[in-house]
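J.: When you get a sec, could you build the whole thing from the sequences and use the hints?
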Amino acid sequence: MSEQTGDVDAIQNRLAAAREEVAKRIVGQKDIVEQLFVCILADGNALLESNPGLGKTSMVRTIANVTDLDFSRIQNTPDLMPSDITGAEIIRESGGNREFVFEEGPVFANVVLADEINRATPKTQAALLEAMQEKQVTAAGETHDLPRPFFVLATQNPIDQEGTYPLPEAQTDRFLLKLYVDYPSFEEERDIVTLYTAGSPAPEVDRVLTREEIREAQSLARDVPIADDIRDKAIELVRLTRETEDVQFGASPRASMGLVLTGKARAFLQGRNHVSWDDIEAMARPVLRHRLLLDFQAEREGRSTDDVVGELLEAV
Amino acid sequence: MAEDDPTSRMRRALAQVRREGYKVAVIYAVVDAAAVALLANLLVQVLPVPYVPERVALPGAIVPVAEAVGITLTDPAVTGAAVVALLAGLLTVTVEVGLRARRPLVEQFEAANPEVREALRTARDAVDDGLQSTIALSLYEDVLARLRETSSVGLVRRRRIAVTLLLVLALSMVSLQVAVYDLSLANLGGKGDQPGAPPATEYTGLRDGDAILGDPTDVSAGQEELNATIGTSGQGGGNASDVPRSYETGGFAVAGDVESQQAGFSGTEQLEDAALIREYNLRIREDSDE
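So the protein lines, in turn, are chains A and B. Just so it is clear: in the first sequence, position 157 is 157 by the numbering used here, and no numbers are missing. Just so it is clear: in the second sequence, position 48 is 48 by the numbering used here, and no numbers are missing.
It is possible that part of the hints are untrue.
No more than 16 Å apart at the CA atoms, straight line, and that leaves these computed lysine to aspartate or glutamate pairs for EDC-like [to be verified]:
1. 233/A x 281/A
2. 23/B x 96/B
3. 233/A x 311/A
4. 30/A x 189/A
5. 233/A x 118/B
6. 233/A x 96/B
Sample of chain B residues with no beta-carbon within 10 Å of chain A, all distances over it, derived [to be verified]:
7. 20
8. 53
9. 75
10. 123
11. 125
12. 126
13. 135
14. 136
15. 150
16. 151
17. 165
18. 181
19. 208
20. 213
21. 227
22. 284
Just so you know, the hints here were simulated from the structure itself, not pulled from any lab data. Note that the Cβ used here is the ideal one computed from N, Cα and C, for glycine as well.
T.: What follows is the structure, given as structure tokens:
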């Protein structure tokens, strides 16, 4: 085995160890945790939709803890200003001199949890999404780069929609994945109660992954080879979303890129060095569900975007 | 690029996989060609095939070549059926190899070895794209290791080969039977013609012997005079050779061990039947005189 191959195996082993550490604190939700790691490796951002109390904050915070990534949390409210997220210039006096100094906002972290993004005003949402897309912030004519790796996990509450500002489709398209967090099973909930109602408040996790290793893993994940026919099938799947009768507006080429990238990241995360069609199938729904707009007929029949994606997977 | 780097080894492995595919195609083609050739030979021998000559002369250059290897060709020619069979076999080989090679050979190998299918396909595309990244090299190493555990035997459908070989055997047996009994359906439906039956004749009774033999002529005496003694089965004694008697008056009385060759006699124990045969011969002569 060559030295280079050994480096790949070492990184993959560290990623596996990181997932095991997260599992110490987060009971169940294995698919969600895997998809979050995929999102990080693909250098993307995720939109998480779940009811309150399902451990979204704990999950993201734990992922930050098993690495040496900086973590920050933004609680979005209707009165939140863009500068509250990106930062602002303040006057600082030192040695009798006053100068404007840019004070970085909470977005200047490696892992940013933006809770209830649909409660922020469109202007504030735009500021966050711009930072998310450009990986930089411009204030007072100066551009400030955000730290790398940079990962935003935005959450939405499917209930309490009154007084909210739903993200427009053009904005949701910027998120690589949309994840649904469902309620745990009885056994999982029993384990959660047992874990968090006795002894120490939260189990300790070890730091097993550095930011440099994450950057290297992101680079290796992008290089994972994909067979031509699998790549073409993934593209065909996205194109079918524009042609199927149930969909009013289909996914863009950004979805094609996202599907291939997440397929590569998942393959790398699972210790493989090539993309399997199973990877594309597993990532199809998280990549496409927030990029499709169903027509009235499909909505009236109670069908979801996941149902449509499932049918297209069988047709491709 | 060094010859032993993973990319070069991957290219060589893919070339080897393609060669295995060609070998399998040739195996199928040869077995099928044998069956087709035997069938063609059989059909040409049994059925009336127009424009196929009985025998085809071999080129003159073949005779010295055959003699050089110790084969003497008295009649340097082969049957038309053999030529047709050879051409049919060659055509079968050519067409079948061409058809089987049309489908990408690496894909055939992947289908026969599903455990390595996706990885091999990805490696093949990566090699074609010239990928040299760390993860691509890792893929090549992995595929090469797994290829050592795979086999191209799965490309050969053994049941099909076995059935074809059985068919070849059956056709060989039938061909042998046809050759031994000279069976042919070429004259099937002619008057009185049946395969293997003697030629039909028209019998109109005994023919005039004089007409056949012609006028009697004097013959010269023989070169030798031989004295023969013919024994009898107990009728009289003495030396029969001293008393010439005609066949009409008493027939031949012979002693024990003279082997007569008249009328199909085969042994002295049947000599008593000579009287019966004499009687029949006389009757035949009376009929012919009348």
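J.: Please go over all the hints and tell whether each is borne out by the structure.
T.: Now for the hints, and whether the structure bears them out:
{"no.": "1", "hint": "233/A x 281/A", "in the structure": "holds, 11 Å"}
{"no.": "2", "hint": "23/B x 96/B", "in the structure": "holds, 12 Å"}
{"no.": "3", "hint": "233/A x 311/A", "in the structure": "holds, 14 Å"}
{"no.": "4", "hint": "30/A x 189/A", "in the structure": "holds, 14 Å"}
{"no.": "5", "hint": "233/A x 118/B", "in the structure": "holds, 14 Å"}
{"no.": "6", "hint": "233/A x 96/B", "in the structure": "violated, 32 Å"}
{"no.": "7", "hint": "20", "in the structure": "holds, 21 Å"}
{"no.": "8", "hint": "53", "in the structure": "holds, 54 Å"}
{"no.": "9", "hint": "75", "in the structure": "holds, 60 Å"}
{"no.": "10", "hint": "123", "in the structure": "violated, 7 Å"}
{"no.": "11", "hint": "125", "in the structure": "violated, 5 Å"}
{"no.": "12", "hint": "126", "in the structure": "violated, 4 Å"}
{"no.": "13", "hint": "135", "in the structure": "violated, 5 Å"}
{"no.": "14", "hint": "136", "in the structure": "violated, 5 Å"}
{"no.": "15", "hint": "150", "in the structure": "holds, 16 Å"}
{"no.": "16", "hint": "151", "in the structure": "holds, 22 Å"}
{"no.": "17", "hint": "165", "in the structure": "holds, 36 Å"}
{"no.": "18", "hint": "181", "in the structure": "holds, 58 Å"}
{"no.": "19", "hint": "208", "in the structure": "holds, 95 Å"}
{"no.": "20", "hint": "213", "in the structure": "holds, 95 Å"}
{"no.": "21", "hint": "227", "in the structure": "holds, 107 Å"}
{"no.": "22", "hint": "284", "in the structure": "holds, 96 Å"}
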